[in-house]
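Peer 1: Throw the hints in and build the complete structure from the sequences for me.
Note that the protein sequences, when read in sequence, are chains A and B. Residue numbering for the first sequence follows our numbering, beginning at 1 and increasing consecutively. Residue numbering for the second sequence follows our numbering, beginning at 1 and increasing consecutively.
If you're looking for bench data, these hints aren't it; they were derived computationally from the structure. Hints should not be assumed to be uniformly reliable.
What the hints assert, rightly or not - With the C-beta cut set under 10 angstroms, the calculated list includes, among others, these residues of chain A facing chain B:
(1) His-281
(2) Asp-285
(3) Glu-310
(4) Phe-319
(5) Gly-322
(6) Pro-542
(7) His-545
(8) Glu-559
(9) Arg-562
(10) Thr-727
(11) Cys-773
(12) Glu-809
Virtual Cβ for every residue (Gly too), placed ideally from N, Cα, C.
In case you want the letters, here they are:
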Amino acid sequence: MARAERVGLGSLGIGLLIVLSNGLRPAGSQARGREPIASSVATQGKGPVAGPSVEADIAEFNGLLGRLRGNDESVVPAMRELAERLCNVHDRCDGKDILTFYVGMSPEDRARGLEEQARYDEIMTKRPTPWNEGQNDEDWTILRGPVVEQFRAIAERSLRQPDVFPGASALSSCAVIETDRLRSDYSLDEEGRRELLASAREDALASLSGFQKCGMLTPRLQPMWLLGYLHMVAGESVLARRAFRDCLALARRLRRPDRQEMAFQGLIDLAKEAGDYPELHLLLDQLASFRTLAESWLLVREQALLLENEDLAESSSQFLLGHRPSTPSDLGQWHVLLGGALLRQGNLNGAREQYALAQPLPLSRVVTLGMASVDLRAGNAERVLEQLSKPEFRKDIYPYEETLALQLCGDAALRLGQSGEAIRNLDRALRISGQMQARLAIQRDSIGAATSVLGGPVGLNTLALLAEARGRIGDHLEAARAIESWQSWSLRKANGANVEISTENLLSWAHSMDLGLVTWVVGADSTVVAHVAPDGSSEAVPIHHGLRAIEAAVRRLNEAIRGSDGVLAERLASQIGAEILPQRIAARIASLGGSGRKRVLFLVHGPLERLPLEFLCRNERVVPLVLPGLPDGEPGAPVAPRDLANWNVLGSPVDSAGRSLLPGASEELVAIAALHKTTSVESIPSGKTVQAGDTEVPGVRLRVGSAFDRQSLAAALQSRAPMHIATHLRHGCGGAEGRLADVGLELSGDDVFCAGEILESRPQLPLAVLAACETAEGRFLDAQGLQGLARAFLESGTRNLLVTLWPVEDQAARRFAEEFHRALIAGERPSEAATSARAALRSAGLPAADWAAFRLIGRD
Amino acid sequence: MKAPPNGPGFDPRQLSIEDLRDPGKAEEALAHWDELAPALLTAIETHPQHGPRLAKLRRADRWLATRAQTLRPAGPCPSPEELYDYGRGPGYGPLSSVRKSEIERHLARCGECEGIVETLATPPPVPLEAPSREEVLTAGGERPRSGDRNAADGSEFGKRPARRRLRSLPRLVPLLVAASLILALGVWIALIPSGSETLIFPQAPLLRGSSGGPLFFPRDRVLHATAEAKAAFPALAGGLMFEIEPQANATMYRVDVARHGDDAFAAVEQSIVKLESALPFVKATEELAPGHYTWVLRVVVRGLLQEPGARDFEVVEDAELCKQLAELVSRPEPGRSLTAVRMLHEQGYLSDARAIARTMPPSRELDTYLGQVPGR
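Peer 2: In structure tokens form, the structure reads like this:
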């Protein structure tokens with residue numbers, strides 16, 4: 001079994017330790033795990049019910065069931081009555097099934113079942129402490145085998161008899177022990193792990209089947225959760241997610257918040273492993289809806305981790321300091337988390353102190369990594385290499401931990417001037433994360449979930465360091481290739497291509513632009529920009545600003561432009577331009593200029609995707625094209641005039657009462673249709689009063705008002721013709737889950753066409769104009785970029801998109817659209833037409849907020 | 001389907017804090033303030049715009065309640081004879097001043113007795129054959145009772161006299177005043193015709209969408225007002241109001257304000273202002289010195305700390321603008337404040353414009369202005 005199969009241990013490698021030590025423990029009371037109907041730990045969801053509580057009824061039912069299993073059939077009428085009440089009043093109908101199961105059994109069979117039950121109970125009563133503590137000491141290593149054998153013996157006998165309950169319980173316990181060993185026994189070889197995993201899965205499935213036969217619900221929770229975990233360990237994330245979801249649904253039905261929390265732990269680990277932070281937010285919010293921070297360390301820990309992973313270290317430390325746990329094991333993790341937050345804030349002494357308090361085992365490797373990070377920051381690079389190279393540290397290291405260690409070693413080597421060593425370490429770290437990403441992405445894509453291993457648990461700093469190291473040895477082109485290869489995978493994977501960019505492809509993209517291409521990687525502490533000229537020459541230059549500083553700079557510039565503070569915007573743009581396009585890069589680009597317009601491709605990643613480069617590039621001779629990453633293959637031939645001959649012009653939705661939702665849009669659409677007319681302009685409805693229209697003339701198919709419906713948009717998306725849409729962007733399209741933002745294009749009749757539906761439609765258009773607000777925006781996934789409407793079009797193969805970075809003023813949008821189409825008709829390329837339209841609005845004295853928002857995403 | 005306000009299905013308890021941004025819903029909330037959920041009521045109480053309106057409504061309500069107490073049951077009715085004497089009916093007798101006052105207070109609360117007295121206020125029509133006072137006295141041997149008189153006079157005495165309204169004024173005054181107050185409030189809130197020259201507030205541009213949140217105000221520029229400008233507009237003195245887009249399920253909003261250098265990449269310094277509020281707005285207690293600032297918003301949602309974002313603003317000294325504001329001091333209201341709002345708004349001092357606007361009398365136009373969400 002590959003090492004990657006052990007990946008599901010979550011950040012810091014401690015995620016599941018907690019679950020296993022709490023969740024897999026055969027319950028505080030031995031009865032909990034085998035109660036045919038377990039009473040709820042806390043009532044939730046339903047209001048108080050008159051009469052006996054569900055707990056009281058269940059306790060009484062279980063008591064009577066014990067007597068029935070002891071062949072006291074006089075209790076049956078009372079049990080029937082109780083089962084009815086449980087079903088009718090408390091919505092717990094499993095009692096009826098259990099009763100039917102045991103009533104239908106002969107007294108002899110019941111007696112045999114009870115005998116096996118007694119044997120099972122005896123083992124559980126005498127179960128060794130280590131198991132209970134989730135530890136892995138020598139005693140338990142010796143005892144584990146015999147205990148499993150005894151359980152198997154019970155199962156073998158019991159499952160051949162009518163009363164399968166003891167056997168199912170025994171197998172469930174076997175699966176617990178096997179899973180625990182799988183997690184903690186580092187001496188297992190690949191074959192041994194594979195066999196153990198298969199055995200645990202088989203036991204969990206057989207136990208689940210046994211409980212189903214008995215009609216029992218509560219005991220199923222344990223094997224269901226185990227199956228989820230085992231799928232996760234095997235890298236089967238879709239199956240794992242399904243199992244955890246099933247477990248969650250049953251736990252909710254049974255009103256078992258403890259088991260709900262366990263299911264959430266599984267789902268959280270899956271999201272964390274994939275770097276899907278939007279989903280993590282949702283899961284934590286759901287968990288917090290029924291668990292308080294005081295009763296759930298899981299909630300505290302995961303929220304703090306999420307804040308740290310989002311580089312919000314100050315918030316994380318604030319949060320942790322307000323929620324210090326009391327149990328020693330939780331406290332150890334708390335110290336590790338707080339140490340990480342303090343380290344990120346530059347408080348090295350504080351971080352060192354916290355890591356020291358987190359000792360000793362079982363957090364030693366995590367603590368070692370933390371201490372190495374402190375050493376690195378303190379300038380002790382040699383010590384980092386020494387500590388992390390020790391064989392005892394590297395032995396049986398988890399892949400995620402290995403990537404962290406390799407990153408630290410790479411960083412240390414780079415600081416020591418050992419670029420070759422740095423490249424070896426950093427490249428290996430990226431390869432491991434690439435394997436994790438590839439394994440997860442294949443599965444998560446099928447459910448529309450996000451994966452960003454590099455942006456999430458591993459961190460883009462590895463890539464930034466690698467690019468810097470490559471640059472130092474003069475391998476600038478390879479630096480650029482690495483930057484593009486490891487970011488925005490979804491743009492290439494969606495088309496079934498290899499995720500890595502070949503040098504040939506990179507060069508062909510650079511060659512297709514007059515001024516070449518520019519790409520960036522923004523790491524936590526540093527950034528690298530690389531330029532590849534059309535002739536293949538290249539240069540990679542480090543920028544000494546990390547994620548937080550660049551995010552803040554981009555935000556400040558956006559605020560200044562959107563707030564129409566021209567003076568401030570100019571100053572900020574100048575400062576930002578000088579940093580993100582350092583003199584060496586700017587000079588290279590300038591040297592390629594000449595007469596006429598020159599196109600340059602900006603491959604924007606991380607916070608730079610939101611940077612209004614169009615404001616920075618106001619020289620009309622420089623025509624910017626923007627892409628959030630390189631698509632697969634070569635750029636291909638640009639769109640020809642004939643590709644832009646037949647337009648679908650749609651929008652100006654009306655509500656169910658026929659009222660126009662966007663008054664200026666129909667004017668815009670009619671004007672555009674008129675611009676593209678060939679001979680039959682008279683047939684195009686004109687004027688301000690167009691409420692509905694379905695008009696086709698040579699060159700234009702116009703759908704406005706009530707004619708702008710699902711069918712017309714779907715047809716336009718399939719048409720392979722250029723499309724212009726003027727409508728609202730609707731938030732809250734149909735679900736907060738998934739990779740793409742929960743947005744869509746508003747249609748007439750209160751309908752909406754969601755981003756996910758656009759992706760399913762696979763529009764492969766030469767040019768799509770999305771004249772709505774913020775169509776460039778989306779859910780941000782580090783290393784993957786903004787996931788929204790634009791991404792849905794791009795991944796589908798749409799070649800060019802005109803989008804907006806922020807909400808645009810109605811009349812300015814109309815004016816821009818008309819200028820853009822005029823330029824297109826005049827024969828300009830889409831990127832040139834966008835530049836011309838921006839220049840026209842700028843010349844007309846409109847503020848930057850009205851023209852800098854328009855971005856041409858694509859390749860012409 | 002959503003129930004219309006005040007319709008059969010309308011439930012003011014379903015209104016949320018987020019609804020306060022909608023002027024229409026905010027009015028509904030104010031109109032039903034005594035039926036609102038405690039959290040929402042608290043939100044309105046501390047709301048910079050709606051808080052004063054609620055206070056006014058409450059004052060009106062308290063006033064009504066106080067007056068209503070005086071309308072409590074009037075106690076045992078005076079005897080008919082006393083009422084007759086009080087009403088100075090023909091042949092009335094003297095009443096002590098103490099008793100007279102007691103009857104006066106009783107009449108203010110007892111419509112029935114007041115009706116009886118009012119019948120005496122207007123002299124009866126002269127009967128065709130009116131008995132002389134003496135005859136009456138002789139015939140009855142005693143003073144006639146009011147009931148007897150009614151019986152004797154037929155229907156004429158039972159009719160409501162013309163002076164009744166004047167006599168009932170003491171009791172109706174509170175009701176009339178209360179009604180007029182409520183009417184006036186209603187007029188303020190809903191009926192002042194739009195388009196009135198004095199109430200044209202600056203308008204936001206029509207955008208195709210909106211994404212100005214969740215950190216609404218302060219933004220862009222904040223005026224560091226001079227003493228003269230503050231004297232003219234006291235709202236410019238004191239700390240800034242931080243206005244936030246309400247976050248679902250948020251129980252706490254935390255604002256940290258820190259200075260930063262004059263550079264795009266400048267790191268923020270240590271927080272100099274830390275504010276907390278259970279509501280999506282919070283006012284700082286102290287003024288900020290001129291300079292560049294970043295405010296970071298943190299929100300507690302179901303106990304979890306989240307950081308929705310940060311926003312910059314600059315505290316600016318603008319002597320010319322302050323001078324212009326100070327010069328407005330002699331102008332009458334509301335034109336004075338409205339002019340200041342316009343001046344500040346047009347020059348990008350949105351937080352200051354809003355601070356002054358919040359001191360203006362309630363109106364639909366003001367609600368619309370203050371309810372404007374920055375679109376970008």
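Peer 1: Of the numbered hints stated previously, which ones are contradicted by the structure, given in increasing order?
Peer 2: Failing hint: just 6.
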